[in-house]
Amino acid sequence: MHEWALAEAVVSTISRIASEKGLGEVIEVTIRIGELQQIDLDAFKFALEQLSSQYSIRAKFEFREERAEFRCRVCGETWPFKKEDLGPDISEAIHVIPEVAHAFLRCPRCGSPDFEVVRGRGIWIESIRGGG
Amino acid sequence: MMLDPRLSVIEDRLKGVDRIIAVSSGKGGVGKSLIAATTALLLSERGLRAGLLDLDFTNPSSNVILGVSAAHPIEDKGMIPPEIHGVKYMSITFFSGEEVMPLRGGDATNAFIEVLALTRWGNLDYLIVDTPPGLGDILLDLLKLIRRLMFLVVTTPSRLSLETVRKLLALLRGVRAPVIGVIENMLTDISISVKGEVERIGARFLGSLPFDPRVDGVLGNPKKLLETKFAEKLSEILDQALKIT
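Protein chains in written order, with this note's numbering: chain A, 331 to 462; chain B, 226 to 470.
None of these hints come from the bench; they were simulated from the model.
From the three backbone atoms N, C-alpha and C, an ideal C-beta is built for every residue, glycine too.
Please note: incorrect hints may appear among the correct ones.
To be verified - Chain A regions said to be covered by chain B (calculated; three or more residues, Cβ under 8 Å): (1) 352–359; (2) 425–431; (3) 434–445; (4) 450–456.
As the list claims (entries may be wrong) - 20 Å max Cα-Cα, derived SDA-like pairs, lysine to any residue: (5) Lys369/B x Lys420/B; (6) Lys420/B x Asp464/B; (7) Lys302/B x Ser382/A; (8) Lys302/B x Lys351/A; (9) Lys252/B x Ser460/B; (10) Lys351/A x Leu228/B; (11) Lys351/A x Met227/B; (12) Lys390/A x Lys252/B.
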């Protein structure tokens, strides 16, 4: 359950920021979820709920899903992530470590493995709104 | 604000690890991976809880040295490394398989952070880190992200290797990173040991490992690897360097 580890990271960060900023309570947290990470959103929400209570965080979580896009550094081609084109093992490997995409994906125009993930990688905390 | 939450859990993931040792060199091809993997095996053989983390993402080889085939990390609130011959082992090859995986620096950093944030090492006496050669992104990331890291530096008798080690040691000294010492690998009958040179640089010379032509034939077989002269001599060096009894 990889989602649990990511949720732990999110809750730990919220707790740290709340402490650093002197927030009495955390009201709302916005999380950006990159498509490349292929998060099971229900499992992630469940983990956030369980872990938040351990940290006495009662925040409302907002999620923004971001589509993944690649750009070839050689020819400039851009293309989207298509999970359906990959087998389950490759898809799972990219889920755990998104950079593994460089082992399995190639530029559809020139075949280069030298591409960048323009957007849609990983989990990011976009905002933490607190009070008190 | 855009925060990467993974950075918050890295220390927590390593809290059960007593000592973290990065095996580094200025150049590739000096036997760093072999020394890192054999060190982890030797520590485990003595009943110590040892782990091995391969951070050479683009040219990993510790999987070949350890003969890793069917093992895979278990997903349980993160990734629990499998035990290979008593050593908890994590490598990107569990995910990239046999594929070629070229990575630019930023991608290597991201993969490194992901591995640190996800891997649950549990309690270890030693975590040995096999680093890619040189003074690139991963070395800088290690220095930034794992504060209590100690370095074991590897050179060969070649002056070319020693020159790069000199730069590596200068960098480590500059950032006050603890260096256990320098091991000289692949010493042959006709080599001139770099012991004096290493000591002139101000580093501790830990010892020389002989060039052992039989090692190549036992790669993939940890039991046989531990029976080589190479492993026997490395064991003696570690006794002194790490004060293991």
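Going down the list of hints, with the structure as the test:
Restraint check on the segment 352–359 of chain A versus chain B: 0 residues with Cβ-Cβ distances below 8 Å, three needed, restraint violated. With a threshold of 8 Å between beta carbons, the proposed coverage of the segment 425–431 of chain A by chain B holds, since 5 of its residues qualify and at least three are required. Counting residues of the segment 434–445 of chain A whose beta carbon lies closer than 8 Å to any beta carbon of chain B gives 3, which meets the minimum of three for the stated coverage. Here's how the segment 450–456 of chain A fares: 6 of its residues keep a CB closer than 8 Å to some CB of chain B, so the rule of at least three is met and the hint holds.
A C-alpha spacing of about 30 Å is found between Lys369/B and Lys420/B, which places the hinted pair above 20 Å, so the restraint is violated. For a cut-off of 20 Å, the pair hint linking Lys420/B to Asp464/B stands: about 18 Å separates their Cα positions. Restraint check for Lys302/B and Ser382/A: the C-alpha separation of about 15 Å stays at or below 20 Å, so the hint holds. Between Lys302/B and Lys351/A the alpha-carbon distance is near 29 Å, which puts this suggested pair outside the 20 Å criterion.
Simply put, Lys252/B and Ser460/B have alpha-carbon atoms about 23 Å apart, too far for the 20 Å limit, and the pair is violated. About 14 Å separates the Cα atoms of Lys351/A and Leu228/B, which keeps this hinted pair within 20 Å; it holds. The hinted pair formed by Lys351/A and Met227/B meets the criterion: a straight-line CA distance of about 16 Å does not exceed 20 Å. Our distance criterion of 20 Å between C-alpha atoms is broken by Lys390/A and Lys252/B, whose separation comes to about 50 Å.
In this structure, the hints that do not hold are numbers 1, 5, 8, 9, 12, in rising order.
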